[in-house]
Each structure stands twice: as C-alpha cells, then as structure tokens.
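These are the residues of each chain, in order.
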Amino acid sequence: MKKILLLTVTICLLIACSSGDTSNGNGDNFDRTAMLTNWADNIIIPSYTAYQAKVQVLLTAVATFNTAPTETNLQVVRSSWTEAYKAYQKTSQFYFGKAMEIHYNEKANTYPTDIVSINSNISSGSYDLELLSQYSKQGFPAIDYLINGLGATDANIVSFYTTNTNAANYKKYLTELTTQLKSNIDLVVTNWNTSYRTSYIASNGNSVSSSVNITTNLFVKNLEKYIRSGKIGIPAGVFSSGALFPEKVEGLYHKTISKELLTVALQAEQDFFNGKHFNSTATGPSLQSYLDYVKAVRSGQNLSTIINNQFTAIFTANTNLSTNLSAQISSDNSKMISSYDAIQQNVVYIKLDMMQALNITLDYVDSDGD
Amino acid sequence: MKIKTLFTTLAVTAILSLTSCTDSDDAGKFNYTSPSTYTFERNSSSSVNYSGQTSRLLMLDEMGNYIKNTATNGTIADNTVLVNMYSNTSNPFSTSDLNTSGKQLKDKTASSKDYFTLFLGGGTTTEQISVRALFETQFLNAKVASQGSAAAAGVAGVYLDGTTKRLFAANGLEPQQVLLKGMMGACLLDQIVNNYLSVNKLDESSNKENNTNKIVETGTSYTTMEHNWDEAYGYIYGGDNLTTTPIALKYWSSYISQVNADADFNTISEDINLAFRKGRAAIVANDYNTRNEQIDIIKAKIALVPAVRAVFYLKEGKAKLVTDNGAKAFHALSEAYGFIMALRYTNKPGTNSPYFTKAEVDTMLASLTSGTNGLWAIDSLSPKLDAIALQIATKFGFTVAQAETVN
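So the sequence lines, in the order shown, correspond to chains D and S. Take 1 as the starting number for the first sequence in full-length UniProt numbering and just add one per residue. Take 1 as the starting number for the second sequence in full-length UniProt numbering and just add one per residue.
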C-alpha cells in the first residue's frame, strides 16, 4: 500500500508540474517530421507543380492568340486562364520561403485590379512589373481585364489585339503578364526542388519560425484574410459598415468564375487540414490527425470533426450563392453574409481552438484598434 | 479505513501539487493599492486615454438632440443627416473635433470581439447587419413622424407630452428612445463587456507579455491592455462633466447613478467604479487574477442597470396607459424597449453569453408591439408589461417592487 501511495504521489506531482519532455518541443510526441514530409511531398510541391503546368498552358495559349488573334483563340486563352487561376488557389496558402520573398501572392492576385494604370501601361509601353506599385496592374485580375473586360463581346475584345492602334502593346502586355506568372512559379518550384524541401522538413520544432508554425499560421491567415475577407467580406461590405463593393470581387470581368474560385480555395483549405494528397483520396499526417493525437475536444466533440463539419456547413451555405458573386451582392447580399458567417465560425474554431490545442503561437494580429 | 486513508492522501496530494505549481494564490505576492479616483500615471503623465469613447458618446448625444430639436421646432428630421451622423460621413456634427475624429458609432455597433468576431453569445455578422439596419430604420421613422401631425393609433406623428413634443412611429414607439437606449446596449455595453473587458481582447496577441514588461504603445504612456481597460471605462464615464453644477452624467454613468438612487441598489455606483479602479491598478501591477475578478463584478453589476431600468419603465408606462389613449405611457415604454434591447448585449460572468438570449429578447420586444398598432393596443398591452417586468426581475434576482419604486 505504501508503495502504491508513493507511486501515486509521484505521478500526481509529475502530472501537476511537468512541462513535458518531448521530441518536438511542444509537449507532445507527435511526429512533426512525418507531417511536414506529407505536406511538402504530397500537397505543397504537387500543388505548385500542377499550377506551373497550367501557367505553361496559358502561356502557350497567349502565344497562339497573339499570333492569330481570333475569337476562338481568345476562348482558349480564357479557359487556360480559368484553369490556371483555379490551380493558383491551391497554392496561395503556402506563402512562405521563396513565395514570400518574391511576393508571389501580391503579384498573382491583387484585386480589384487597377485598370486605369493598366491602360496607361499599355499605351506607354513602359513599366517595371517588379515594382511594388505595379502589383495591382498584373496577375490574374489584370489578365481578367485584358481577356474579359476590354469589350462587351469577344469580337470587341479581339479588336483590341487586331485593329486597335495599340494592338501590339496589348499583345505585349498580355504576354508579359503571363510570363511574369510563369517566371514566379518557376522560381518557387525550383527552390522547393533544390534546397528548400530539405530545410523545410528539417525545421520540425515549435518555435515561431519553425515550418509547422509558419505553415499553420498561413493556413489560418489564408482562410481568414484571403478567403473570408478578400473573396466575401470586403465586397459584401462587412468591413465598410455595410457599404457594398460588388466591383471588388475576384474574377470581376469574367463574371461567373468568382464562386468557383471561392469553392476551390475552400476545398484546398479543407484538404490541407486533412492532409489529403494532391489529386488523390489518400491522406497523410495533418493538422487533423495532430488535433486527434493531442485529443483536442470542444464541447465534448473532437475538434477535428467540428472543423470538418463546419467546412461542410460552409459549402452548404455557399450553395445559395450565384456563380457571379458580384451579382449576388447586388441582388441579395444577405446570402453572402451567411457564407461569411459560416466561414468566420470556422476561423474561430481554427484560429482559436486549433492553435491553442496545438500550442502554436499566432503570428499575425488584426488591427481593429480604436 | 485504508481506502479512506488512500483517498485522503490523494486529495491532499492533489491540493499540494496544485498549490506548488499555481499562481492562483496571490496573497502577499502583490503590493499595490487602488486609487480613490480613476487616475493612473506613468513617468508623471497620465496613462489614461479614452478620447475615442468620449467622441462616440458626444456623437450619440448630437443624434438624440437632433431628433429632439426637430420635434420641438416642428421641422423635418432628415434621416440622411442621421445616417451620416451614425457613420460620421460628410462632416455631420457641430464640431470639427467630432467630424475629424475618425470615430463613428456604426462600425462599433454590435461589433465586439466576443459576440461578433468569436460568435460567442449567439452573435453573427447577420445579426450585426440587422441591428445596424434597425437603428437606421429609427432614423426613417423619426423622419416620417416629423412630417406627420398628431400621433394616433397607426399614425406616425407628434405627441405633446406635457410641454415636451415627442415623435412617435405608427406603432407608438419613440424612435429617439429606441436609438439612445438601444445604442447604449448594442454599441456601448457591447463594447464594454464583450470587447474591452473580454479576456480574449485584453490578452490577445502579445498584450499580456507587453503589459507585464510595461512595453507601452508607440507614442503613448500606456500598454495596450491598460488602454483597453480605459476604453471600457470611457464608454461608461467618458461623457461625464464633473465640473458643472449639478454634475452632468451621460448614458450608462447616468443610469448607474439613477439605479443607485434606489436604496435597493445603492452600492452599484461604488461597486462598478471601484471595480474599474481595482482592475486598472491590478493591470499595472500585473495581477491578472484580481483583474479578472473585477471583470466579473463589472459584468454582473452593469447588467443590472438595463434590467432594473427596463422594469422601472415598464411599470411607469403601465401606470400611464390610462392617459391620452395610452400615448402618455409611450415615452417610458420606449425607454423600456431600448433597455430590453440592451439586455441582449449583457455578459453573464463565466458564460460569455448574455443573461437573456437574443431570441428571448426578441420575443419580449415582439410581445410589446404585437397588438394592433403596436403600443396603442393598450388593453392587451397592460398584462404583457407585467409579465415582461416579472420575467426580467426574476432572471436578475430582484423583485419588480424593488425596481418599480425608487426609494
């Protein structure tokens, strides 16, 4: 009996006072290396590579169009742009390393795009797309304008590349924007395939600069800032006391791509959460399995289940949205708000509950000061 | 017997091991006092700043006075003016200080961190939008009433209440009171208890670490946590002028004082004020447990104010239903309506939810105006007033009689 007591006392003290001796410095023994390997090899690199291939297709389509600016070739450019834009959505959350260094996201997807400056760039033929001030004049939104927004009909649009006095400059600008996308993704892919993959996986600790912390923070930030706020909240007036900005949606000129981009981006978030391999149903170590490993619960239910259920709720809310989010805002913004609320609920689960459960420090704050 | 000994040993061990590792026992650990007034300094200059809150209280004052003056003068209450005041657009206010303050009431309406970002207490963005729209509807109601003649059942217009002219919507509700009391809840109270006194807000990001190390906000003499606390304080006391005779109290400060005037609640002024001073001193001293205790005190005490006043006005209104076909009662009932709205923004300590849910509050409000032509249906209204008064008093643990009579 005395031995039992001694043992019990010892265990009590250990439980009460232990700060945890662990292999990953986070109070648990979850295999972070395996998770990082899954992320790098089965999600991140394949997502980037798939996007790279889609941009190459777009580049080829643009070249063909410039050689023969016909409505048919314009439509090929458009469909290639659509596919590349969707593929891009699956990469935007990996905004660290080389991607961050070269401002990959700002260059690819700053919207609303600045059509006044785009027009002046085209007419002057003089600009440096590397400049910070040029981010709103390039990327998918700028190409959107060039292939969807110049005229009301395809014939009108094609005329800018044929009979317009600046036709040569239009072609040049379209080519250079596409080339810029290509060279940026080339830099990122090359970096991952040479040195970065190894150092990324090796950084398996729990410091603020570790790979798990950085990747997870950006996963959260992508959901909160780029998906929730950018794709819905800002145009739907959530941050402007109700003043609506239907012209601030993604893919404005294409008109019917905005909801699809939203869906792809959300699905990429959920797939990453679950460690789902790119273009496959297989899964590997992930935030979801990490949460289950640390037995994270909320209101008696597995937090990972709650988060996945909320993704389902988001997709359900989104079924009420028009394919054209701009039109949706103008016709019935309350449906946008319902989608916003559904996403925000998952932001709460992920940004607060998940981060706390995994003991990952949030490295960005909202500036909602007074 | 042996088993009992085992359990006893286990219990003692558990307590010992808890004690050995916890910070919860602060006795003797902190050595500081709370000042007798809300005065805090760092490096010989005040570290207290709530100018943004004062600005918003003054804005609300101007909005209320605008409606009141149009009623008095028989001019039109232009809802565009009110909409602009609400969002501080197009220099709507009388002073350039307010116009250029960068502050507005609208973006702080139903926008607390706990209820409208973290969605605790049942909040959503959908609700936020609808409550903001509700206030803007009051502006329109005021306009319509200001264009009418005498208020009557189902007819918006003016009612001469003694020597005071009041604007009534068609259902008898006074837009000005729904605005003022409603905003005390949806904006001021929500910001106080669900935002600035929220530990999610106070401790967000590196606030705690910065406060512990006294890292002040750039260009100021306060830490972010200190400032958050001051902002909560400012939403209550930021409109007060203690240099006039008699002193002028605004909004929550005024109503805390009015509730305190009743012997049944005569410690509430000091309780709330002391808790603010204690909490602020605790923040300076890095005594977070004491801070959290004061948060709970303030949340519980401040919630009593709309509850007591709602019951008071419901009963006052009930007594006046016999005069002028009920119209004499509508000012008081509109105050009650606004204070009931405010109950939705209370925060019951330990729950991060209001004392009454949004649905419960909406049911009470709907009940008040559910008769034909709303408040004008005085026969059916009277028992509803009693039922709602009882419902509120019971929830908060006082009697209707205690709130009804200020003595």
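Hints may be right or wrong, so weigh each one.
Derived DSS-like pairs (lysine-lysine); straight-line CA-CA distance at most 27 Å [stated by the list, open to error]:
{"no.": "1", "chain 1": "D", "residue 1": "K221", "chain 2": "S", "residue 2": "K208"}
{"no.": "2", "chain 1": "D", "residue 1": "K225", "chain 2": "S", "residue 2": "K106"}
{"no.": "3", "chain 1": "S", "residue 1": "K106", "chain 2": "D", "residue 2": "K248"}
{"no.": "4", "chain 1": "D", "residue 1": "K248", "chain 2": "S", "residue 2": "K103"}
{"no.": "5", "chain 1": "S", "residue 1": "K358", "chain 2": "D", "residue 2": "K351"}
{"no.": "6", "chain 1": "D", "residue 1": "K351", "chain 2": "S", "residue 2": "K208"}
{"no.": "7", "chain 1": "D", "residue 1": "K335", "chain 2": "S", "residue 2": "K106"}
{"no.": "8", "chain 1": "D", "residue 1": "K225", "chain 2": "S", "residue 2": "K103"}
{"no.": "9", "chain 1": "D", "residue 1": "K351", "chain 2": "S", "residue 2": "K395"}
{"no.": "10", "chain 1": "S", "residue 1": "K113", "chain 2": "S", "residue 2": "K384"}
{"no.": "11", "chain 1": "S", "residue 1": "K395", "chain 2": "S", "residue 2": "K113"}
{"no.": "12", "chain 1": "D", "residue 1": "K335", "chain 2": "S", "residue 2": "K301"}
{"no.": "13", "chain 1": "D", "residue 1": "K351", "chain 2": "S", "residue 2": "K113"}
{"no.": "14", "chain 1": "S", "residue 1": "K208", "chain 2": "D", "residue 2": "K225"}
{"no.": "15", "chain 1": "D", "residue 1": "K248", "chain 2": "S", "residue 2": "K113"}
From the derived model, a few chain S residues whose C-beta atoms are all more than 12 Å from chain D [said to hold, decoys possible]:
{"no.": "16", "residue": "E62"}
{"no.": "17", "residue": "T125"}
{"no.": "18", "residue": "R132"}
These are computed hints drawn from the structure, not numbers from a lab. Computed from a predicted structure; not experimentally measured. Just so you know, even glycine gets a beta-carbon here, dropped at the ideal spot from N, CA and C.
These are the hints, each one checked on the structure:
As the CA atoms of K221(D) and K208(S) are separated by approximately 22 Å, the hinted pair is consistent with the 27 Å bound. Between K225(D) and K106(S) the alpha-carbon distance is near 22 Å, which keeps this suggested pair within the 27 Å criterion. Proximity of K106(S) to K248(D) is assessed by CA-CA distance (about 22 Å); at most 27 Å being required, the pair is judged to hold. Restraint check: the Cα-Cα separation between K248(D) and K103(S) comes to about 25 Å, which is no more than 27 Å; the hinted pair holds.
Taking the CA atoms of K358(S) and K351(D), the gap is near 25 Å; set against the 27 Å cutoff, the hint holds. A C-alpha spacing of about 18 Å is found between K351(D) and K208(S), which places the hinted pair at or below 27 Å, so the restraint holds. Restraint check for K335(D) and K106(S): the C-alpha separation of about 21 Å stays at or below 27 Å, so the hint holds. Simply put, K225(D) and K103(S) have alpha-carbon atoms about 24 Å apart, close enough for the 27 Å limit, and the pair holds.
Proposed proximity of K351(D) and K395(S) is contradicted: the alpha carbons are some 34 Å apart, above 27 Å. Only pairs whose Cα atoms come within 27 Å are accepted, and K113(S) paired with K384(S) is rejected, the gap being roughly 34 Å. Our distance criterion of 27 Å between C-alpha atoms is met by K395(S) and K113(S), whose separation comes to about 25 Å. Taken as a hint, the K335(D) and K301(S) pair is broken in the structure, with Cα atoms around 38 Å apart against an allowance of 27 Å.
Between K351(D) and K113(S) the CA atoms are separated by roughly 14 Å; this keeps the pair inside 27 Å, and the hint holds. Our distance criterion of 27 Å between C-alpha atoms is met by K208(S) and K225(D), whose separation comes to about 25 Å. Distance check on the hinted pair: K248(D) and K113(S) sit about 26 Å apart at the alpha-carbon level, within 27 Å; holds. E62(S), annotated as away from the interface, keeps every beta carbon of chain D farther than 12 Å; the closest lies near 18 Å.
Look at T125(S): its CB is around 5 Å from the nearest CB on chain D, not clear of 12 Å, so calling it non-interface is violated. With a cut of 12 Å on Cβ distances, R132(S) falls inside the contact zone with chain D, its closest approach being about 6 Å.
Violation of the numbered hints given earlier is confined to hints 9, 10, 12, 17, 18; the remaining hints are satisfied by the structure.
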